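**Q** These are the residues of each chain, in order.
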Amino acid sequence: MDYLASAGVLIGIYIILAAGYNLIIGYGGLNTIAHPIFFALGAYTTALLAIGTGLPPVICIAAGIGVAVIASVFLAVTTLRISGDYLLIASLGFQLGLLQAINNLDFTGGPSGLSNIPVTLSGPARGWLYLMITAALALLVIWLVHRGMSGPFGRAVRAMRDDDVACAALGRGLFTMKVVIFAFGCGTAGLAGGMYAYYFQYISPEQFNVAQSATILTMVVLGGIGTIWGPVLGAFVLVALPQVITFLQLPSSLVGPLQGLIFTSLVILFLFLRPHGLVGTRTPGAAH
Amino acid sequence: MTDPVILLQILWTGIAMSSYFVLFTVAFALTLKVEKLWNFAQAGLMGIAFYTMFWSLNAAHWPTWAGIVASVLLTIGVTIGMEIWAIDVLRRRHSSGLIFFIFTLIFSQFVAFLLTLLFGTEPETIFPSVMSPVRIVSGIAVSDWDLQAVGLTAALLIALYLLIRFTRDGQFMLAVADNEKLSEIYGISARRAYILSGVISALLIVAGIWLYGTRAGVTPDVPVDLILTAVIATLIGGLGRVFSAGMVAVGLALLQSFSILFIASKWQGLLLYGILFFALLVFPRGIPAWRPRRIQPAPKPAAPVQAEG
Amino acid sequence: MTQEILRLENVCKRFGGIVVADDICLSLHAGDVLGLIGPNGAGKTTLFNLISGLIQPDAGRIYLQGHALTGPLHRRARAGVARTWQHMRLFRTMTVLENMLVGPRNYPGESLLRSMIGTPSVHRAEAAARDRAMHVLERMGLTNTASTIVVDLPFGQQKLVGLARALMNDGPCLLLDEPMAGVEGSNYETMQRIVRDEAAAGRAVCVVEHNVSFIKDLCTEAIFMSYGRILKRGSVDDLTRSRELTELYFGTADA
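Chains as they are written, first to last, in my numbering: chain P, 1 to 288; chain H, 1 to 309; chain E, 1 to 255.
Don't take each hint at face value.
[Unchecked claim] Label pairs and their calculated CB-CB ranges:
| # | chain 1 | residue 1 | chain 2 | residue 2 | range |
| --- | --- | --- | --- | --- | --- |
| 1 | P | Phe-107 | H | Asp-225 | 55 to 61 Å |
| 2 | H | Trp-267 | P | Thr-246 | 56 to 62 Å |
| 3 | H | Gly-97 | E | Ser-27 | 24 to 30 Å |
| 4 | P | Ala-135 | E | Leu-113 | 21 to 27 Å |
| 5 | P | Arg-81 | H | Asn-179 | 27 to 33 Å |
To be clear, the hints were calculated from the coordinates, so they are not data collected in a lab. These numbers come from a predicted model, not from an experiment. Just so you know, even glycine gets a beta-carbon here, dropped at the ideal spot from N, CA and C.
Sequences and hints are given; from them, build the entire structure.
**A** Below is the structure:
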């Protein structure tokens, strides 16, 4: 049964990632795929603080969020002038460059990562406790995204996506809006990273590579980009379904690749059968 | 001061090592030029090409030529199949760039997982040994592999150049790259051009992975790293400039080779991504030469300058 | 003498070898409705783009109520330059009311955080903006279209929404780019009435328009532009009577 809780926590973390990323790419219209690096920054900051200082978890996670936000503002301010596909590639360069650094620095544990993250909650209910916290945080993020995008800020964001020049000519500062969206979305990735580090107690650079970018992007796009519940559903389906085979008692060397196969097959299937997302909007990227 | 012989050695080895980078880059740049497609699925093709050769030579014990033929056929087959049943479908739906990005990347991952399942994660090489005979030419070590790599790459690039320059299909490919709609009006099949560019890319990929796999170990994850290098070289070399992308690939390989004089080898990857990131910062809309060269229109008197399109 | 709202001093702009604004000097006062006429490509819309900040001049200065007007689009909109677009540029996925609510100079909920929490100040500002928007719509007879998605409206009404959205900006300077193109009947009347009212309320209005009769009905004065230069400023009748200008206009216009 602990296994179910573990899968639940993972789903919750991915929901946070997908919801935050959806804000950036679906509402903000910013084509970056560097989301996992902010996930990584949150996870590594939290883990390093937890290992090195023993500060309370809340503070460690807050620091993780902070680092993710700072890094995202740096990326946003330097690259938001870059248009379209090139922004995507630039963000990829940023992600892989930072990942290389994490991979080669000593204090991050290099390729083998950090495995001595202290236990914070213990006892038989640990899994369920984490599940509840993660679920609550996921709901909070969804709620905030929903509130943000249905209010006046969200209206300006939609206007920007429809016609950025007209929106700016009405007095809306697009650059600031984009940076704020980016920072918020990446901050939630930092939060997800903090939760991940505390729960799984092990992080390594390969968990945050291009494959992870593709995973989160896929959850958002296949779930329904620019909708509130689409990414949530996408994260749920794409994490939960591959988990099913863990019940088959297969050797562990098979489980990883098999899960990967299920995941990628699902993506390809959805891509061709449900091109407008599970929560189907006609035009991808439109909120209505 | 470093010994000039050492510098020359690094230069030569760097050039030889750049061979497969060049082939992958040209393959990537060609599909980008003709199909307007950031084809990350080429990583998957590399995996298919490599493991076909690996399996047919090491498990089925076929002769070398049969292994190569099998690899070429399968890689081209998958390319054409993907073009017809996937890329073309997405294209007709007017899918966004993101969808193409997801599809091509996920396809590569699918292949990587499949290969992991079939062959495991141990690094494999095409032949049991990656050593090749070395001769010393005026103090520089030149291996058979080096010569083969440089020769094969040069031959393929010349063949590609001749094909584009002097055959109808090559010219059609350029026409479609330049303006697909207009070409179709003139009776040029865009689809044929797409498939041709895919087939050529598949050939280059097989050649590239052959060179790579006879010199270093391949795991199912290696192709993704290789494709990223090709992406970087393509971006810096210039969209729509296939051969200059190839030149940049040589340059990047040399830069990496020479950088061992200054920085630890483990930071070379960072160097590459750093170059990519800063190249884009300086040229946020791509390197200036990316825009296809067109004859400047004669200045019209006071052309309407309006934001509206 | 009424208050001077907008002043352009020696504004120049070139694109490559093409001069699109050649030493433009212009003064606009509160209550003015200035027509801007000239052949296609004369630089009329470019002038609007220079004033509203979509493009920056190579030389020269622009003042709004005596203060230098600089910076990108959104700064100038907040400073009080409202404009419409020839092709409307409405937010096509949004309703009429939502389109308008993007427009106030002091926007409620510019901050994501406050918008998420929904602070009382955001609610107050939203309510005020809503009232204002409904009032503008009422003046235009568009009240019942408030919750229609804009692209579902007939063309003429979309044109009116474009104006209505610009009116949400209560700044002193209003730039209208071909407001009448494709507008007929009662919408035509409405457009005229609104522009007159806005001028009477103390705004300085500048109108680019091909429809000369609209300019005649509405404008106290007009300027004639060609090749990025102001050739003449005068009453509309003077301009249209000038043979040289008429030839320039109708001789080069493609329509």
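**Q** Flag every earlier hint the structure violates by its number, smallest first.
**A** 1, 2, 3
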